[in-house]
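Undergrad: Protein chains in written order, with my numbering: chain A, 1 to 100; chain B, 1 to 221; chain C, 1 to 229.
Hints are computed from structural coordinates only; laboratory data are not their basis.
Every residue, glycine too, gets a C-beta built ideally from N, C-alpha and C.
Worth double-checking, as some hints may not be accurate.
Claimed, not checked - Quick partial rundown of chain A residues pointing at chain B, CB under 8 angstroms, derived from the structure:
| # | residue |
| --- | --- |
| 1 | V14 |
| 2 | A54 |
| 3 | Y59 |
| 4 | A62 |
| 5 | V64 |
| 6 | V66 |
| 7 | V82 |
| 8 | E83 |
| 9 | L93 |
| 10 | E98 |
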Amino acid sequence: MTNVRWKMFNVRWVAAVAVCVAAVSTAVLAQQPPAPEGFIPMSEVTNREVLPAAPLVFYAYAFVWVALMGYLWVIWRRIGQVEQDLSAVTRRLNQGREGR
Amino acid sequence: MGQNRLIAGLVVVAIVLFAGAPFVIDAAPYESTMGLIQKIFYFHVPSAMVMFASAFVCGIASAIYLARRTPGSDRMAIAGAELVVVFGIIVLVTGPLWARKAWGVWWDWGDVRLVTSLVLWLIFVAYTLLRRFAGPGSDVLAAAVGVFGMANVPFVYWSVNVWRTLHPKTTVVRTLSPEMRFPFYWCLAAFLCLYVALLLLRVRLERSKSTLEAVYAELED
Amino acid sequence: MTPGFWKTVGIIARKDLVVEARSRELLYTTVFFAVAVVLIFSFSFVVDGAPLTDAAAGILWVALAFSGTLALGRTFERERQSETLKALLLAPVERAALYLGKLIGMLVIMSLVVAVVGPLVVVLFRVSLDGVFWHLLGLLVAGGLGFAGVGTLFGAMLNRSQSRDVLLPVVLYPLTVPVMIAGVSGTAALLSAEPNMARAEVWLSMLVFFDAVFLTLALWVFDAVMAES
Numbered sequence: 001m002t003n004v005r006w007k008m009f010n011v012r013w014v015a016a017v018a019v020c021v022a023a024v025s026t027a028v029l030a031q032q033p034p035a036p037e038g039f040i041p042m043s044e045v046t047n048r049e050v051l052p053a054a055p056l057v058f059y060a061y062a063f064v065w066v067a068l069m070g071y072l073w074v075i076w077r078r079i080g081q082v083e084q085d086l087s088a089v090t091r092r093l094n095q096g097r098e099g100r
Numbered sequence: 001m002g003q004n005r006l007i008a009g010l011v012v013v014a015i016v017l018f019a020g021a022p023f024v025i026d027a028a029p030y031e032s033t034m035g036l037i038q039k040i041f042y043f044h045v046p047s048a049m050v051m052f053a054s055a056f057v058c059g060i061a062s063a064i065y066l067a068r069r070t071p072g073s074d075r076m077a078i079a080g081a082e083l084v085v086v087f088g089i090i091v092l093v094t095g096p097l098w099a100r101k102a103w104g105v106w107w108d109w110g111d112v113r114l115v116t117s118l119v120l121w122l123i124f125v126a127y128t129l130l131r132r133f134a135g136p137g138s139d140v141l142a143a144a145v146g147v148f149g150m151a152n153v154p155f156v157y158w159s160v161n162v163w164r165t166l167h168p169k170t171t172v173v174r175t176l177s178p179e180m181r182f183p184f185y186w187c188l189a190a191f192l193c194l195y196v197a198l199l200l201l202r203v204r205l206e207r208s209k210s211t212l213e214a215v216y217a218e219l220e221d
Numbered sequence: 001m002t003p004g005f006w007k008t009v010g011i012i013a014r015k016d017l018v019v020e021a022r023s024r025e026l027l028y029t030t031v032f033f034a035v036a037v038v039l040i041f042s043f044s045f046v047v048d049g050a051p052l053t054d055a056a057a058g059i060l061w062v063a064l065a066f067s068g069t070l071a072l073g074r075t076f077e078r079e080r081q082s083e084t085l086k087a088l089l090l091a092p093v094e095r096a097a098l099y100l101g102k103l104i105g106m107l108v109i110m111s112l113v114v115a116v117v118g119p120l121v122v123v124l125f126r127v128s129l130d131g132v133f134w135h136l137l138g139l140l141v142a143g144g145l146g147f148a149g150v151g152t153l154f155g156a157m158l159n160r161s162q163s164r165d166v167l168l169p170v171v172l173y174p175l176t177v178p179v180m181i182a183g184v185s186g187t188a189a190l191l192s193a194e195p196n197m198a199r200a201e202v203w204l205s206m207l208v209f210f211d212a213v214f215l216t217l218a219l220w221v222f223d224a225v226m227a228e229s
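Take these sequences, add in the hints, and give me the full structure.
TA: Here is the structure:
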């Protein structure tokens, strides 16, 4: 039972992550300027103007936030699960001792 | 429990600092040549610092575990190694985003810190893989990887450095203008608070897991 | 009466070499594997009939690292099949001697691989060794010692683990990155059209330093790790 639940959980997460990655990558790819045609003087196009910095800064910050909070959440959940199991098992153990 | 309060407090402080970070960073002046993109600095550098610190936490804890075999040091080593991987991902994602704009390429093999971070990250990924798949005895094995990984940092850094470099100098933190220093230390504090909280949480997870295993073993008897 | 430290080292190394000399399984397979690696890489690094610059140095070291990993895996597999490592650990000898004995056995195999692959690379990539031979030999010895030193430790430790075949390279390659960078860069400096001896010496000294630190560490760790097994 738990096994099936875990599998579902994993599939859902893989799908969600894939969608996020696809969204971010299309956004990043859309940022890339079309290749210039013909000769364009260096003074008109510098690398800085072609590539806007704001989205890059935004993605970096968003990634930091999502990664750290995601990890915190995962650890928190795992601790909750393990400690729940622990208290259940200890209760059973104590009941068994009293029964004897 | 005292530790619970400490962890909760650290997490709350870290979240407040992280939430405030965009405003503090926004208020900082633009860097003269790199402009807006330089603002990645405020979370790229703290996460790299935390990552290297975590590698040393894991290495020292591993050395203690090899010498004394205290379970606490083993748990600390696991937590340290896993956090190297987590903060390493952040470094390795934000670094290329900065490099794309500042240097025009996603990745630059000539850059010491980027390559050193990658190698260090790989070593600690190997550590977590060992922990997961090596079966019985993996604790000692992983401890050896932790010690060797820590000892490897100066060698990797030196060899990549001689190989070639075009990164901003390490002294950049000390020469930072005061308006830039404040947001930097703000973000560093945020990362450190969160790091300590995550480390303590991860250690606690390992401790609960081993208690659970002990109780199960007792139940079977 | 237990034999002295260096005598034990000699006995263990000789044991490995005698076993190997009887079957020659490890030697033949490892050398042939290294040759195959060189050929495969040649196909990707020879463009328009001429090799890319510095390709020879890279291919030499990659072949050495790959075949070294293979040999490490095999030599400890052999110990595992007949539980001989356990028996060795039960013997009243110093663990450090055990480690050094295995390391020497490994180095002999690797030097035989170099003896075949080195000339092959020289011939295939039209390399000139005039005046750089001893420097190159120094790089190969120091680099091989560093690689085998770390490799023997983890090979021995992984001996009884699950999925050890894949975990050995997973652990070994990231840890020996400095050896690879130093070895490839130093060799490239020697094999270029105008050999840069000073540069090669910088890399050589780094390799020697690496060997000193990691062999010392390995001796300590080997003692601690194999203590209770």
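Undergrad: Among all the numbered hints in the text so far, which are the ones the structure does not match?
TA: 1, 4, 6, 10
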